[in-house]
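Construct all of the structure, not just a fragment, from the sequences and the given hints.
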Amino acid sequence: MRDKNIKIDVTDGAAIPTRRDPGLFNAWRVTLIGTVIAIVSLVIFKPDPYLRIIKFVPDGILITFQVTFLSIALSLIVGLFTGLGRLSKNRAINLIASVYVEVIRGIPLLVQLFYIYYALGTFFRIHPFTAAVTAMTVCYGAYMGEVFRAGIQSIDKGQTEAARSLGFSKSQTMFYVIIPQAMRTILPPVGNEFIALLKDTSLVSILAVSDLLRRGREFATQTFAYFETYTMVALLYLMITLILSKIVSIMEDKVKPYDQK
Amino acid sequence: MTKSDETIITIENIYKFFGDIEALSNVSLKVRKKEKMVIIGPSGSGKSTLLRAINRLEGVDRGKIVIDGQDITDRHCNINKVRMELGMVFQNFNLFPHKSVLQNLTMAPIKLKKVPPVQARENAMRLLEKVGIKEKATAYPSQLSGGQQQRVAIARALAMNPKIMLFDEPTSALDPEMIGEVLDVMVNLALEGMTMVVVTHEMGFARQVADWVVFMDEGKIVETGTPEHFFQSPEHPRTKKFLSQIL
Ligand SMILES: Nc1ncnc2c1ncn2[C@@H]1O[C@H](COP(=O)(O)OP(=O)(O)O)[C@@H](O)[C@H]1O
Ligand SMILES: [Mg+2]
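In order, the protein sequence lines correspond to chains S and H. Residue numbers for the first sequence follow our numbering, so the first one is 1 and each next one is one higher. Residue numbers for the second sequence follow our numbering, so the first one is 1001 and each next one is one higher.
In case anyone wonders, no lab produced these hints; they're calculated from the structure. Using N, Cα and C, we set each Cβ at its ideal position, and we do this for glycine too. Take the hints with a grain of salt, since some may be wrong.
[As the list claims (entries may be wrong)] Short derived list, chain H residues pointing at chain S, Cβ under 8 Å: (1) N1080; (2) R1083; (3) M1088; (4) F1090; (5) A1108; (6) K1111; (7) L1112; (8) V1115; (9) V1118; (10) Q1119; (11) Y1140; (12) S1142; (13) M1160.
[Claimed, not checked] Computed cross-link-like contacts, DSS-like style, restricted to lysine-lysine with a CA-CA straight-line distance of at most 25 Å: (14) K1136/H - K170/S; (15) K1099/H - K170/S; (16) K256/S - K1136/H; (17) K1081/H - K1113/H; (18) K170/S - K1113/H.
Listed below in structure tokens is the structure:
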């Protein structure tokens, strides 16, 4: 049937390796292999300080993952409602959702983090981890909302009419007919958002959340090995995003045309 | 053909505006149970708008529409309930591409009428057999030809067991060689006694099954009559002109 190849881009994520783009695919492989070789050889040939760094940061990697996955899950929910709100015919709901998106898109994530932790923190105590996840969710919820909106809008109006004419209500039409189809268009840009979000979690280190970057900084200030520490931190981030982008590309491959299920 | 006298669709003085465009202007008509009405007219004359007003896909600005005793222009009317009685077939089929043919037929009965899935599937297979496409039950819409898709779309509407079927140019998007298979299904449906309102340019179909033909132009009903009246002695000059162009 109509197989529109709609591409939605909101924030710029990482390049997703795809076999349809051999150049990109090769670049991904070369970078990953290079990164792994660099990490391994640094640890083997110069265990002091590299091996010590590697042993110091895993707690941080875990926190980075926790912030990432919690924020992804929550921002998907916020994003779905924001996207639906932006499409709502109810003026008030539409306005609230649209203003939310405008406000969030106009404020740097770092400022949002500070705002939630420090500014709101003057009124009530917020745990840094909670503040971090909240800020990431609020920010990426708005981005995801735009992705959902575009995905839902990409579905032919005839689908809604067919469902409504059978007797489905508005919300049944949305959940049984429109959203399942929109998922196909939504998945690639959502994958991009995941990766962008993971990278942006490094900002939360500023709120005393012991993520990968924060742990690195702790190590560096103790040992003064700034160059070695940040080299390793950068390599670790790179490896994580490369692997995540591969996971996203595998997910995208799973979204086959309906007749090839 | 014997008809009951019971009116199932009553349209009284409806108006519909799209901005400055008067898509429907003071349109009134009645359809009785088991009747078949064919609506013809040039492009943009308001045929689709009229058909879509019958199941409120298009709300009207003035006037009254009563379907099987229920006033759908009343704001308190549960339109979803009424729509279950009204099957609709679109020019572009609008099958659900993410569902198999069988699922296209069973989804609404299972979700909306709480029909047990086994029974819904049996009923769906019976309908697919009726429209001659049983072997495609597990296929996806994209694997079907246009004619097959439209037959599935008719079966999907029939799966809700509607009292009335609405068709909006069901053969206009089809390659010529596929028009026949869809019209055959529609003719059989007519012979079974379904109440039908059909927008079409297929004059052979109109001649064969229509009790009434309605000619529309510029949002108004210009002339109504039996097929014999239309094809032998149309009255209005605009009707004559239109018929001379398409016959
Ligand atoms: N959704 C809409 N928005 C604006 N104008 C419309 C819309 N739908 C129909 N119209 C206009 O209303 C008139 C009647 O359209 P329609 O009922 O589709 O005619 P037909 O089906 O006879 O070709 C046309 O002038 C058309 O342009
Ligand atoms: Mg039309």
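A quick look at each hint next to the structure:
Interface hint status for N1080/H: upheld, as the beta-carbon distance to the closest one in chain S is roughly 5 Å, under 8 Å. Checking R1083/H against chain S by beta carbon gives a least distance of about 4 Å; that is within 8 Å, so the hint holds. Interface hint at M1088/H: satisfied, since its Cβ lies 4 Å from the closest Cβ of chain S, which is below the 8 Å cut-off. For F1090/H, the shortest C-beta to C-beta distance to chain S is roughly 6 Å, which falls under 8 Å, so the interface hint holds.
Restraint check, A1108/H versus chain S: the minimum CB separation of about 4 Å is within 8 Å; hint holds. Given the 8 Å rule on beta carbons, the hint for K1111/H holds: about 7 Å separates it from the nearest Cβ of chain S. Contact between L1112/H and chain S, as hinted, is supported at the beta carbon level, the nearest pair being about 5 Å apart and thus within 8 Å. Because the smallest distance between the Cβ of V1115/H and any Cβ of chain S comes to about 13 Å, over 8 Å, the interface hint for this residue is violated.
Taking 8 Å as the C-beta cut-off, the interface hint given for V1118/H is violated, the closest approach to chain S being about 20 Å. Because the beta carbon of Q1119/H sits about 18 Å from the nearest beta carbon in chain S, more than 8 Å, this interface hint is broken. Interface restraint check for Y1140/H: the shortest CB-CB distance to chain S comes to about 4 Å, inside 8 Å, so the restraint holds. Nearest Cβ of chain S to the Cβ of S1142/H: about 5 Å, under the 8 Å cut. The hint holds.
Proximity of M1160/H to chain S holds as hinted, the smallest CB-CB distance being about 6 Å (cut-off 8 Å). For the suggested pair K1136/H and K170/S, the alpha carbons sit about 30 Å apart, so the restraint of at most 25 Å is broken. The straight-line distance between the Cα atoms of K1099/H and K170/S is roughly 19 Å, inside the 25 Å bound, and the hint therefore holds. Under the criterion of a C-alpha separation no larger than 25 Å, the hint pairing K256/S with K1136/H is consistent with the structure, at around 20 Å.
For the proposed pair K1081/H and K1113/H, the alpha carbon gap of about 10 Å is at most 25 Å, so the pair holds. Between K170/S and K1113/H, the direct Cα distance comes to roughly 17 Å. Compliance with the 25 Å bound is thereby established for this hinted pair.
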